[in-house]
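Same order as they appear, the protein sequences are chains A and B. Residues in the first sequence are numbered consecutively from 1373, following the numbering used here. Residues in the second sequence are numbered consecutively from 14, following the numbering used here.
By construction, these hints were calculated from the structure, which means they are not laboratory data. Keep in mind the model is a prediction, meaning the values are calculated, not measured. Glycine included, every Cβ here is placed at the ideal spot set by N, Cα and C. Some hints here could point you the wrong way.
[Unchecked claim] Per the computed footprint, the stretches of chain A lying under chain B, defined by three or more beta-carbons under 8 Å from a beta-carbon of chain B, are:
#1 1408–1416
#2 1557–1571
[What the hints assert, rightly or not] Computed cross-link-like contacts, SDA-like style, restricted to lysine to any residue with a CA-CA straight-line distance of at most 20 Å:
#3 A:Lys1610 <-> B:Ile156
#4 A:Lys1584 <-> B:Ile161
#5 B:Lys147 <-> A:Gly1738
#6 B:Lys147 <-> A:Gly1634
#7 A:Lys1653 <-> A:Ala1687
#8 A:Lys1422 <-> B:Phe136
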Amino acid sequence: MKNRRNILALGSALALATLPLPVYAQQPTYKIGYQLPLTGNTAQYGIDFKNAAEIALDQFAKAGKPFKVEIVFEDSRSDTKEGVAIARKFVDDKSIVGVLGDFTSGVSIASAQIYKEAGMPQLSQTASHPDYTKVSEWQFRNITTQAQEGPLNAEWLYASGYRKVAVIAEQTDWGQTVVSNFVDKFKALGGQVVFSEFFNRGLADFRPIITKIARDNPDAIYTGYFYEDGAQFLKQMKQLSVTIPVHSTSASYNQQLITLAGADAEGMKLTATFLPNNPAKNVQDFVAAWKAKTGQAEPGQFPAQAYDAVNIMLAALERAHPNVTRKSLRDQLAATKNFPGVTGDTTFDADREPAKKLVRAQVKNGTFVAVDQ
Amino acid sequence: MDYYLQQLVIGLSLGMVYALVAIGFTLIFGVLNVVNFAHGEVYTIGAFVGLLIFVSFAPPLVVVLLVVLAVGAMTGVGLERFAFKPFRRFNDEATLKSRAMREATLMSSLALSIVAREGIELFFGSQFQSLPLKHMLNSPIKIGPVTIVDGDLIIFGTSFLMLAGLQFVLKHTSVGLSIRAVSNNPLGARYVGVNTDRTIAWTFAVGSGMGAVAGILVGLYYGAIFPAMGFTPGIKAFVAMVMGGLSSIPGAVVCALIIGISEAMSSIFVSSVWQDLVAYAFLIITLIFFPRGIFGGARERV
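One chain only, chain A, in its complex shape (with noise of 0.2 Å):
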């Protein structure tokens, strides 16, 4: 009896003294690295993100998960050469086993090279040209491509009756896509493209190619632009009294939009994923704690998707925790499958594209709405 409380008090005194201790006293921390745009003229993009990011990464830590996970923040100015400079700071940092970022496909392929090399999984929120997610099997992304858009949008305008068309686009790889999605498919439906012409981003005058637009007389204007660009180029059409019907992509849905162009900016349609005004406990949840930790309006798609890569990954390390790897934490991302996230529930192909509901919305009273025409 004696003998027996003995062994049964060392037994578990040896077990206490050695086993489950990191448990009780520290949980392990993973660590994931973000490059993006904290600086330069890109840097409004890149501080939502990491606004967006620090939303998910708090609520994950409320959460009460079995372990902890760090984010890294970089900042690549959306330069190319700092992009890879950081990529290679990842890749030797061994703690680190994801990527998110960066924001540009530009810098974001250029950086997959190195990932590639190194075997690192990396997850833009916004990197939307078709070669990104071709580099390797290690690239995946949170945002619907031009291949989807561009078709749904040439469907759209036809179904609106709308059968001469203008198109223009800011001049990236970016723009390029925007153009030639839409141009193929609205080519192959029986339409017209009247004119098309691509600008460079952050050209302060529009005026010149507005009267070049307003010359050929079509019946819509479908175009490429980012939200500045886009309030821009929506005051001059209104300062030349040109009234020809336009249409936009996901890129300039952005509540600044409408603050910089004000009236100017009514009517205007675009497809998006992200709707503030969705009533989903989730979406409602995310736009009341963005508010409350920027003090801004609601936020755009672009955090949104932020929002949502950064959760797509955490999720892809619960599903690998405690074996997380590099190696594992790919494959977890690779299946990915219906997350319900803000922009509509995301599941990975083969291909790693994401596949996403779009909606249409209109500008109405200062607000984008969902539209069904």
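Position chain B against the provided structure of chain A, taking the given hints into account.
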């Protein structure tokens, strides 16, 4: 025909925007014979100060312009004090004639401009600032077949006032006389008793005040106020100045108009992506074929 007329009018209004920036830029160049790389940032500061005043007090435009003019002038004096004056601390003839000492200010003004731009970006962020839309200078006015906006008239009026005012000051006042003296020969001016330091500070005050006013006017004209807004107009003003023969203010204004019109007209024939090349093409043509500038007359090399 209406189409070409409309493009011409757009070109004129583009050109006037460049001219507005070029006036102050050329004035400052004229007195020291060095490029002030911070002029674009003075322009940006003018726009931000104007925006802050509009948002907090909503006074009439004229008041805003006067306050911006004053802030710009003070910025200019500060800029001269920190980036230019330290390189003139020796008064011996060798230093005053030294190109290296003078041209070191290229770097110091560039450095200050980077500090200013990044500082604004840190504080306000790099995005477009939202401004009260009712203050924008873009209400359309139809004149026959073409459309202009009220901002065009205001910018034209301001450029005209600046140009005429400057010509008057330079030709008919004692400050103007000393500015011209320092511009012509700083050493000689010093020997005959002109207070060169004070004259240079005055020139910076006037030139930068004008730059700041240009910033807020163009900011309201396009409704685009952001930290990097000074870069493109700065480049165009620089080209206009070189084309105009470096220190001829009327020359710079005329060349600014030529650049603006050529840009708008070029978009008739080529994609607007090439529009920025127009100014650079002019710069190269000027340097090769008109080394004294188109309006440089008998003055020095460009």
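Checking each numbered hint in turn, tell me which of them this model violates, lowest number first.
The structure breaks none of the hints.
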